[in-house]
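S.K.: Chains A and B are the protein sequences, given in the same order. Its first residue numbered 1, the first sequence is counted upward by one per residue in my numbering. Its first residue numbered 1, the second sequence is counted upward by one per residue in my numbering.
Calculated directly from the structure, the hints in this document are not laboratory data. Ideal placement from N, C-alpha and C gives every residue a C-beta, glycine not left out. Watch out, some of these pointers could steer you wrong.
To give an idea of the chain B side of the interface with chain A (calculated C-beta under 7 Å), a few residues [to be verified]:
(1) Leu21
(2) Leu30
(3) Leu38
(4) Thr44
(5) His49
(6) Leu89
(7) Gly92
(8) Asn93
(9) Ile94
(10) Gly389
Next come the chains, spelled out residue by residue.
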Amino acid sequence: MKSELHPHPDQSKSRSLTRQETAARVVVFVMSLAAIAIPVSLHYSNKQLEIHARIAETSGWDPDVIRLEVGQPLHMRFTSDDVVHGFAVGQKFLDPVDILPGIWTDLTLTFDKPGVYTFYCTRWCGINHWRMRGTLEVGEPVAAAPSAAEPLYLSLGIDLDKPHLSPVVPDTIPSAWKGAGLLASLPDAAKYQSVDYYLTNSPFQVYENLGNRHLSAEQRWAIVAAIWKANTSPGALVEGRQLFAQNCSACHGTGGGGDGVFADDLGNLTDYEDTSQHSIKMPAHLSDPKSILGASPALLQGKILRGGMGTGMPMWGVIFTEEQVWNLVTYIYSFQFEYDSLLS
Amino acid sequence: MFQRSISDLPIIKRSLVNRWLQLIIQALLLAAFLFMILAGWIGTPVGNHNFSIVFLWIAWWALLILIAVPLFGRSWCSVCPIPLPGDWLQRGNILGPQILDAPLSQNKASLKSVHARWPKPLRNIWLQNGTFLLLALFSPIILTTPRVTSLVLASMLLLALAISLIYTRRSFCRYLCPVGGFIGLYSQAAPIELRIRNKEICVTCAGKPCYNGSEAGYGCPWDVFPAGLTKNSYCGLCLECLRTCPAENISVKLRPFSTDLNQPSTRLDETYKSFVMLGSAMIYAAVFLGPWGQWKNLAYSLFTPAWFGYALAFLVIILVILPAIFLGLLSLDRKKGNSRSAFTAFSTALIPLGLMFWIAFTISFFFSNASYLGISLSDPMGWGWDIFGTASWVWQPVAQSMLPPLQTMALIGGLLWSAGIAMKVARRFASSPIPVILFNLLATLIMLWLLV
Numbered sequence: 001m002k003s004e005l006h007p008h009p010d011q012s013k014s015r016s017l018t019r020q021e022t023a024a025r026v027v028v029f030v031m032s033l034a035a036i037a038i039p040v041s042l043h044y045s046n047k048q049l050e051i052h053a054r055i056a057e058t059s060g061w062d063p064d065v066i067r068l069e070v071g072q073p074l075h076m077r078f079t080s081d082d083v084v085h086g087f088a089v090g091q092k093f094l095d096p097v098d099i100l101p102g103i104w105t106d107l108t109l110t111f112d113k114p115g116v117y118t119f120y121c122t123r124w125c126g127i128n129h130w131r132m133r134g135t136l137e138v139g140e141p142v143a144a145a146p147s148a149a150e151p152l153y154l155s156l157g158i159d160l161d162k163p164h165l166s167p168v169v170p171d172t173i174p175s176a177w178k179g180a181g182l183l184a185s186l187p188d189a190a191k192y193q194s195v196d197y198y199l200t201n202s203p204f205q206v207y208e209n210l211g212n213r214h215l216s217a218e219q220r221w222a223i224v225a226a227i228w229k230a231n232t233s234p235g236a237l238v239e240g241r242q243l244f245a246q247n248c249s250a251c252h253g254t255g256g257g258g259d260g261v262f263a264d265d266l267g268n269l270t271d272y273e274d275t276s277q278h279s280i281k282m283p284a285h286l287s288d289p290k291s292i293l294g295a296s297p298a299l300l301q302g303k304i305l306r307g308g309m310g311t312g313m314p315m316w317g318v319i320f321t322e323e324q325v326w327n328l329v330t331y332i333y334s335f336q337f338e339y340d341s342l343l344s
Numbered sequence: 001m002f003q004r005s006i007s008d009l010p011i012i013k014r015s016l017v018n019r020w021l022q023l024i025i026q027a028l029l030l031a032a033f034l035f036m037i038l039a040g041w042i043g044t045p046v047g048n049h050n051f052s053i054v055f056l057w058i059a060w061w062a063l064l065i066l067i068a069v070p071l072f073g074r075s076w077c078s079v080c081p082i083p084l085p086g087d088w089l090q091r092g093n094i095l096g097p098q099i100l101d102a103p104l105s106q107n108k109a110s111l112k113s114v115h116a117r118w119p120k121p122l123r124n125i126w127l128q129n130g131t132f133l134l135l136a137l138f139s140p141i142i143l144t145t146p147r148v149t150s151l152v153l154a155s156m157l158l159l160a161l162a163i164s165l166i167y168t169r170r171s172f173c174r175y176l177c178p179v180g181g182f183i184g185l186y187s188q189a190a191p192i193e194l195r196i197r198n199k200e201i202c203v204t205c206a207g208k209p210c211y212n213g214s215e216a217g218y219g220c221p222w223d224v225f226p227a228g229l230t231k232n233s234y235c236g237l238c239l240e241c242l243r244t245c246p247a248e249n250i251s252v253k254l255r256p257f258s259t260d261l262n263q264p265s266t267r268l269d270e271t272y273k274s275f276v277m278l279g280s281a282m283i284y285a286a287v288f289l290g291p292w293g294q295w296k297n298l299a300y301s302l303f304t305p306a307w308f309g310y311a312l313a314f315l316v317i318i319l320v321i322l323p324a325i326f327l328g329l330l331s332l333d334r335k336k337g338n339s340r341s342a343f344t345a346f347s348t349a350l351i352p353l354g355l356m357f358w359i360a361f362t363i364s365f366f367f368s369n370a371s372y373l374g375i376s377l378s379d380p381m382g383w384g385w386d387i388f389g390t391a392s393w394v395w396q397p398v399a400q401s402m403l404p405p406l407q408t409m410a411l412i413g414g415l416l417w418s419a420g421i422a423m424k425v426a427r428r429f430a431s432s433p434i435p436v437i438l439f440n441l442l443a444t445l446i447m448l449w450l451l452v
């Protein structure tokens, strides 16, 4: 019965089975090969400049050095491999571009001047967000030329890391409005109103310099406030506030109290404090009068330009323009003085 | 009891017996499987934009749990691509039985396998319980990280291949595959089965080609003698016995749901599989869909002291606490006699309950993430392609208002279904089903609280 149902295969059937088997092997092999070869060949034939953004702990920007020619448009494709990042180029007025996980964003940039530009992340992507930087090398690499304008803190020889606490602080927030008249009535008002004087003296030094007159402490602080108000403007404060919110508040806090969202995370890292010289330093309290009233604008500019060596405070000199830094400085002082309607 | 042989319908019979249809599906799935390994490795590391994550853990999983297993039992195993390369090497033939130089009757020696049989102490599903728990413990990372998914898939493919070179038949599928274990468990609830028609024919059949192979086909790769099949658990629906049986004594039948569960389980490994699946569904619902973000963070913080705490809790809840509560409730009824046999038998009621828990859980994350399917279909590697014009779909949860009623129906349905099974078991033991129903009610209430 079995042999009736399944006779032994004859030679032709055997050949047919072999043909079918060969066909089956070809089907499996071709399909498997196609599944691998097509994507791989497409992947390696892609010549576009693709930039992956990752949190600094993983790799930061990849690549983080990009070379291009002056005047030649550079087309870049960005994507994030983890969280939301942003792309901007320091000292180049470009609206930051958001880079979303798994989404590709195209951007074309043209640089008119050779040089090394810093690009950086504009989104708070993690505690090491500020480490996410890369460089755009435009044109032929040239020997670093001395900066046209040396930062003031260098020409004045200010030691940025030296403590600069103000021995006295006002009882109430000094009012620039009250101080304006007093300042004008000073016989040597011109000296106090000069920009150089403002840049190179801390509010406390000015307060001290006013000490040999018949002025109350409140009046002297009011004059200081008036001098600081005279050296800012609503536009500067608005830009300073915006820069502060975008770049500083995550650590220093929106009100400058050193209590930004990342401050807690930094605090959690203090376990490492005693184990190496790279101790974690908590963000400065920019609203603390003792600290800020003892710092001159030149010193604050230097701190922003250089960053806090060995701390989490990044170097902003390659990101901000000089004007932006000064605007930020005037905004930081605004925590200490009553400027009336300047910042409404 | 209603039963209808669908393999007697000519068109269905032709489709089932013809090897090409199955092979083409398997070959396509193997290509997709290899593509997933590749996509996971060189595609975007962003999980919800990578084909491997989206199509494996959202599409395939949902298809498996919501349709394939509850309706078609082990149908996935029938077309699973993992054993294909190993089968090829083992038989030297991809489409049918080993090609012999001479007719089988003259060349029996060549059918003697050089492969060893799977070690006897391991011929159970304890290892599958272990492999599932292993994947479950690492699932937060596996399910979200394409490279890890890629590694897991590649490991499964290579392990299956290596096992097929050493041991006979599909030992990986039968004894190691973490997915195969629970598919087997829940396939007992499916309204479909492959069985023999007449036991007498099998008893007198010379050579037992369904098990040993013949010119017509290869022997059961699942190491099952079809005449002994009483439940779906270990039949991988490869359909080879349908092709080899000289007396056409095998049929694929429709039947009422959970017919296999009328025979209570007697094996401790299967009992524990029920607890592993039930407990995993409950813990997943709590950790991944519950409001406790810190638990989710624990599950993700691999190899930290906190994660070891999570892993220990995960294992203790599943392997100790749930079985202990179950056993404790059973012990309230003293008429049950041997506690081990009562424990295994009444655990049968956990099978429909666990299946419906997984369905309720899967409904939630599938409809929440379904929009990723369009994105990933058009841009499978996350390289910015737009093959079908759906790459720009924005993630949007789908049919959210339907979820609570659907999940409630699934959970309540599972409770009633399991109560029915518990009552059948109780009748066999002449005891009360109340303790088991109470256990299932408590578990269902927890799931309702977590999911709905």
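S.K.: Next item in the hint list is B:Thr44. Is there a CB on chain A closer than 7 Å to its CB?
M.R.: Check passed: Cβ of B:Thr44 comes within 5 Å of chain A, closer than 7 Å.
S.K.: Can we keep the B:Leu38 interface hint, with Cβ of chain A closer than 7 Å?
M.R.: This hint holds: B:Leu38 lies near chain A, its Cβ roughly 6 Å from the closest one there, short of 7 Å.
S.K.: Holds or violated: the hint that B:Asn93 contacts chain A, with Cβ atoms closer than 7 Å.
M.R.: 6 Å, holds
S.K.: Measuring from the C-beta of B:Leu21 to each C-beta in chain A, is the shortest one below 7 Å?
M.R.: This interface hint is violated because 12 Å lies over the 7 Å limit.
S.K.: Once the shortest beta carbon distance from B:Leu30 to chain A is found, is it less than 7 Å?
M.R.: 6 Å, holds
S.K.: Is the interface hint for B:Gly389 satisfied, with its Cβ closer than 7 Å to some Cβ of chain A?
M.R.: With a minimum Cβ separation of about 16 Å from chain A (threshold 7 Å), the hint on B:Gly389 is violated.
S.K.: Taking 7 Å as the limit, does the beta-carbon of B:Leu89 come near enough to a beta-carbon in chain A?
M.R.: 12 Å, violated
S.K.: Holds or violated: is there a CB of chain A closer than 7 Å to the CB of B:Gly92?
M.R.: 10 Å, violated
S.K.: So, as I understand it, the hint says B:Ile94 touches chain A; can you test that by seeing if any CB pair is closer than 7 Å?
M.R.: Check passed: Cβ of B:Ile94 comes within 5 Å of chain A, closer than 7 Å.
S.K.: May I ask you to test the interface hint for B:His49 with respect to chain A, counting a Cβ-Cβ separation under 7 Å as satisfied?
M.R.: Holds, because the Cβ-Cβ distance from B:His49 to chain A comes to roughly 3 Å (cut-off 7 Å).
Of the numbered hints listed earlier, those contradicted by the structure are 1, 6, 7, 10.
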